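Asks: Residues per chain are reported as follows:
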Amino acid sequence: MPEPLLRLPAARALTLAGAALTILSTFLAWTWTTAFPGNLTVNGYPGGLQTITLTGGILTLLHALAGHRVKGLRWLAPAGTTAPTVLLALGTLATTWYTLGAITTDLGGLAHLEPGAYVAAAATLLTLTGALALPTNHQTGEAGGAGGSGGAGGAGGAGGISRAGGAGEDTGAPGARPHAWHRFRHTLTTGHAPRPTPLPAWAEILVIAAAFALGLAAFTYGIDTEYGELFVGYLLLAVFALTALGRSGLTARLSALTAKHRNITLTAAFAAAVCFPFLQTNDAYANLATSILIFATVALGLNVVVGLAGLLDLGYVAFLGVGAYTAALVSGSPESAVGVHFPFWAAVLTGIGASLVFGVLIGAPTLRLRGDYLAIVTLGFGEIFRITMLNLNGKTGPDITNGSMGIPNIPELDILGFNFGKTHNILGAPIGRFGNYYLLMLLATLLVILVFRRAAESRIGRAWVAIREDETAATAMGINAFRLKLLAFALGAALAGLAGTVHAHVITTATPDQYQFAGTVPPNSAFLLAAVILGGMGTISGPVIGAALLYLIPNKMDFMQDYQLLLFGLALILLMRFRPEGIVADRRKQLEFRETGQLDVPEQGLPDGAVGVTKAEA
Amino acid sequence: MTTTATTPAPATADGTPVLTATGVTMRFGGLTAVRDVDLTVSAQEIVGLIGPNGAGKTTFFNCLTGLYIPTEGTVTYRDAVLPPKPHLVTKAGVARTFQNIRLFANMTVLENVLVGRHTRTHEGLFSALLRTPRFHRAEAASTRRAMELLDFTGLAAKADHLARNLPYGEQRKLEIARALASDPGLLLLDEPTAGMNPQETRATEALVRAIRAQGTAVLVIEHDMRFIFNLCDRVAVLVQGEKLVEGTSDVVQADERVVAAYLGTPFEGAPGQEELAEVEAAEAGAGTGAGTSTGTGTGTGTSAAPGTATDPGARTEEDR
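Just so you know, the protein sequences line up as chains A and B, in that order.
Take 1 as the starting number for the first sequence in the UniProt record's numbering and just add one per residue.
Take 1 as the starting number for the second sequence in the UniProt record's numbering and just add one per residue.
Derived by calculation from the structure, the hints in this document are not laboratory data.
Computed from a predicted model, the values in this text were never measured in an experiment.
Virtual Cβ for every residue (Gly too), placed ideally from N, Cα, C.
Hints are not guaranteed to be accurate.
Simulated pairs of lysine to any residue, SDA-like, Cα-Cα distance not exceeding 25 Å [unchecked claim]: (1) Lys85(B) x Gly109(A); (2) Lys260(A) x Ala157(B); (3) Lys85(B) x Val360(A); (4) Lys260(A) x Ala271(A); (5) Lys260(A) x His136(B); (6) Lys91(B) x Ala43(B); (7) Lys395(A) x Phe482(A); (8) Lys260(A) x Thr71(B); (9) Lys85(B) x Lys395(A); (10) Lys85(B) x Arg483(A); (11) Lys260(A) x Val251(B); (12) Lys260(A) x Leu67(B); (13) Lys91(B) x Arg483(A); (14) Lys85(B) x Pro365(A); (15) Lys91(B) x Leu67(B); (16) Lys395(A) x Asn480(A); (17) Lys260(A) x Phe135(B); (18) Lys85(B) x Asn480(A); (19) Lys85(B) x Tyr373(A); (20) Lys91(B) x Tyr373(A); (21) Lys260(A) x Thr108(B); (22) Lys260(A) x Arg74(A); (23) Lys91(B) x Asp513(A); (24) Lys85(B) x Gln516(A); (25) Lys395(A) x Gln516(A).
Derived CB-CB ranges, DEER-like [stated by the list, open to error]: (26) Leu8(A) x Thr143(B): 52 to 62 Å; (27) Phe126(B) x Val338(A): 22 to 32 Å; (28) Gly30(B) x Pro580(A): 43 to 53 Å; (29) Val251(B) x Pro580(A): 53 to 63 Å.
Chain B with its partners taken away, still in its complex shape:
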């Protein structure tokens, strides 16, 4: 496995912001799901967004992609404010996948990706009815690009299969291929490894790196901490709708507030402290044990606490 924390972050992130969210707040009636969150994603950067269940990660995603209109705050993409309509956001260059796979189940794999090309082609109904040479050229170009993407994600051999007949891991891949078909500058992945086994997770990791290498910035929500800390240049932690910390993997893993958010704060007084020490000792042992077995030595003892959140049960956050 090449995916270790010692791999230096590629120097391709040139620092120009692609996505800038400023003061995004989302209220549903009296409930504030997201409160005053700022987030910047730079070109060719992989940013992770983590947080306990119900922290508002998916709501924040929906605010970015126009499914929700944020109550306050603005989202800009390459210095232009994103319009509050999902299809216009995609057209602007922000594509997404969904937490629960939402493929067009009864279309073929190729057709799914072709639908993703929708915003990048402009042949209208009349062009289709008259079958103009331009129409044929555009169709051929779309198909070529779609097949490229299927090659890229390793699904080319199944281009003629119905999407619903793909195994789970390949459905996730297809969703990514479909999102990439709109040639996005920023890809939003909502729990891309949910329900995957370790091999598939590592394959997804490699896929995300390859996407970044092609020049697309990635913002990813995930509960798999090993995945996040291996992959991301920067990680933001969302707790109860507010951004708690943002920084490199090391910074986030070392932050006590993150630990507290996932594990809870101890009671005041000695018994709580003692218990915490015991738990930490036990988990440090478990954490390093697991780390060496998969070859991902993060090298910091403090990684133990967030590491415990690699719990399969944590994946069932409701899509809000």
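In isolation and in its complexed conformation, chain A is listed as follows:
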């Protein structure tokens, strides 16, 4: 029988008390001086990092109450409340103790902590202790699964059996008290959530909208963090809270909803993204968001090449560069060798066209190679692009690109009298220069998402995946592998070119060193590939999330600048070890990397009888 890590009486009461005390402690002063950013000195009003602890405390309390079967909170954790409670308690503990540590090191000594700080430290520890003594979810989860799932009885029951098998492995030999680490690991596992009671369509849509509103709020808070410590605290809690969300079964339910209403989801995501600049008071954060969007869009384009067709392209940033340089040349920069000033749409089309041609030119000879050879050759071509741009400076070659100086002073866009360089008042909110470009880039991102989705779910997309899976078999099925790979390469290049044209206008210059293989600032080819792999290959939200993380983390944590690439490499290694399918896994990848121990039984689309047959044959 699985048992919790700690044996304590009144674990629930302890958890509740700890969480309540944590909340209370954020209203106390943690330090005496405002030298530490965020003003943690006021009694009765949480500030800075205290708000993060407060959020963590509230979330823990809610989950602990849900564990008490309080009405109205059961939906919080359909798969079991213990694991999310423990994770949230851990997250709160981590962010609180990090805060206290940061105060101590920043100000130099424990003397700078006020009593409130010790209360917070003790309270978070108390919560975690209580949470670790909570009964594990397996008994309750399974009882719920078998009893409460009416129509899904067959599938739920079968799932329960396989879970019990897994639990047996986890806890080792029956009878013996399992090792503490195993018990801890076990505390963090939950069962399978029973099938939700069906909601009316409008309610489901409302849930999606609410989820995106929450997501927007959380994301906006992250972008708007003003100092590194706050961002670290935010990130710590966010990581634990998101894991808790996954373990509580809410993520699964939400993704089931979004899969059901995909167009509404896309609309909601787009609407939330449009709202972003209206919530900003500082155009610098809009700048950050614009850079993230550009990075994410290029990553999505790369996802066509890597995620769908399985072509490892290490020189992808060159296509962004081609788009940017083309736009820079034809958009009326005084330094441009081509003295023309195209309207924006024409510049975009030229940029896309140039990238497309470049993609076909590079793809045609290289795509006959497979695997590692393709990666090496694309890496080479990516660098060739950069060095060519450096050398077309009038000294070592014809004067086209101005060499390392690049093409500066690209004029601001002006579409139908709307000058992107100026601040406009839209709906009462001032939208600055970067806000304008953010909204423009958002349209480009939406276009790329639509292209990706529609291409993926078509005859062409299936052929790409087939080539990725087994090229020989794909050709034997009548697929012209070379032509389709070239098509993927060209489409990817065109999408990067589109992003590149906007990129050039946003940063107003095109220089060669922005488009290199590896560097500390995204976008470069290595970071692009990392964003795709980190986020989840073949998905839409994956590269966007990956790009946001990879852009925000180095940007916010400037104190670890020197170790950035080292930490980044470490993070990638850890991720590949523990979650090889990426942050967002499509169903296929999840099944590919995880031994589920049972046949893949689809949630829907089959009558229960058919599922039964499958089980029997297994």
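Position chain B relative to chain A; hints supplied.
Replies: Showing chain B alone in chain A's frame:
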């Protein structure tokens, strides 16, 4: 079991050649893997291709399907020379399966079959991006046809499963369904029953017959002699890259050279002859015993020798 040798071959084979291979020779450097092989497959005919390991059967298959370009000789399909590219061969109407199952493991069963429809649909990228009505119609038609094929092979209930999660026998079936999705006039099966138990083998036999009944000619490589001689209208024997015999089951089973190819030639002189007689006597007994137990009485004592090649170990021929 209905599959006995006494079942008359359906009179549907009308004799018009679908596939004609003339003088196909394949050399790898100094090694001649296939030498001057002629083979004809007529419409609605099931032709078997047998031979010991390393005889060049799979190489010959690869020559037919464009994976290899034969050093000499031509392959024509319905009077047109087959182009030396696998996807064009499939487009022309020759589909194949592989000796080692090569499914798209991480695609669903339905998607696998849909990929097989690739050559018979023509919706390009722009059609997909714009989601034209034509695109929706074509997708719906493809899905309908794919589900028909899954019904036909008995996999419809597992349409949403990943191909890698299917049991072995069903993976073989799925490979056949995927090949059939390109509406081939000729289906090439490379050891379709390798690794199967007798029940699955009989099911495959029935499936191949059903495929023929739908108007598709079948050329099949197999080591399971009972399967081959039950199923095929005609059998060709390939030994060391050369075609030794071709004819009906009876003719092939009666041919001494085939026996020699599988068992080796005896030494000159009396001891060898005596040994051969002993072996033949023993195997004739074993052969008929096995034959009656499964209800497949071939009725000819000479079937004994090729029958011995029904050895599971013989299935491990390397895919060349």
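Asks: So, against the hints stated earlier in the document, which numbers end up violated here?
Replies: Per hint list: 1, 7, 8, 9, 11, 12, 16, 20, 23, 24 violated.
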